[in-house]
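Q: Going by our numbering, the sequence shown opens with residue 65, and the numbers climb by one from there.
A hint or two may mislead.
Unchecked claim - Cross-link-like lysine-lysine pairs, in silico, DSSO-like; alpha carbons within 30 Å at most:
| no. | residue 1 | residue 2 |
| --- | --- | --- |
| 1 | Lys141 | Lys120 |
| 2 | Lys209 | Lys196 |
| 3 | Lys141 | Lys173 |
| 4 | Lys209 | Lys73 |
As the list claims (entries may be wrong) - Simulated restraints, written as ranges between beta carbons of each label pair:
| no. | residue 1 | residue 2 | range |
| --- | --- | --- | --- |
| 5 | Lys209 | Val169 | 54 to 60 Å |
| 6 | Lys196 | Met119 | 37 to 43 Å |
| 7 | Ser150 | Pro206 | 21 to 27 Å |
| 8 | Arg69 | Gln211 | 52 to 58 Å |
| 9 | Leu104 | Pro206 | 57 to 63 Å |
| 10 | Lys191 | Ala131 | 22 to 28 Å |
| 11 | Asn67 | Leu197 | 54 to 60 Å |
Simulated from the structure, these hints should not be mistaken for laboratory data.
Ideal placement from N, C-alpha and C gives every residue a C-beta, glycine not left out.
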Amino acid sequence: MRNLREMFKDRELYHVSPAHSVADAACYMSERNVGAVCVLDKDRLVGILSERDMMKRVIAANRDPRATLVSEAMTPKPVVIDVTESLERCLKAMTQAGVRHLPVVEGDKLLGLLSLRDVLQVDLDDKVDQLKLMEDYIHYVPPSKPQL
């Protein structure tokens, strides 16, 4: 099973500023095809902005996305997970907090944003590998013994 450090090794960290408008953040997210971004203030994680945040706090509240700041729509003080934790622990933390995105940190440094889809994809990949091993075992034909 892959670990968190491997998952974020070559992945770009998508983020916005709390001073950006929600409309600008939505365009940024749409261009990158992501459902959530970290909100950074001078390289410090201050929140997460997700599609759900925008729907609940802007669209459903009948606010103008161009006039609403990210700081007004984001989820502040998100639950974070250390890069040394297992994917099982990440899934448990997501479930307990009721979130689909989890910032991954190493000390004070933000490494990336883990999504529920990421966790499920790794689990699925592991199960496919296990199935392949089982099929190989079942279909294994031992070499025949030489005749005397």
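Q: Now tell me if each hint is right for this structure.
A: Structure-based check of each hint:
no., hint, result
1, Lys141 / Lys120, "18 Å, holds"
2, Lys209 / Lys196, "27 Å, holds"
3, Lys141 / Lys173, "15 Å, holds"
4, Lys209 / Lys73, "48 Å, violated"
5, Lys209 / Val169: 54 to 60 Å, "58 Å, holds"
6, Lys196 / Met119: 37 to 43 Å, "40 Å, holds"
7, Ser150 / Pro206: 21 to 27 Å, "37 Å, violated"
8, Arg69 / Gln211: 52 to 58 Å, "54 Å, holds"
9, Leu104 / Pro206: 57 to 63 Å, "58 Å, holds"
10, Lys191 / Ala131: 22 to 28 Å, "47 Å, violated"
11, Asn67 / Leu197: 54 to 60 Å, "20 Å, violated"
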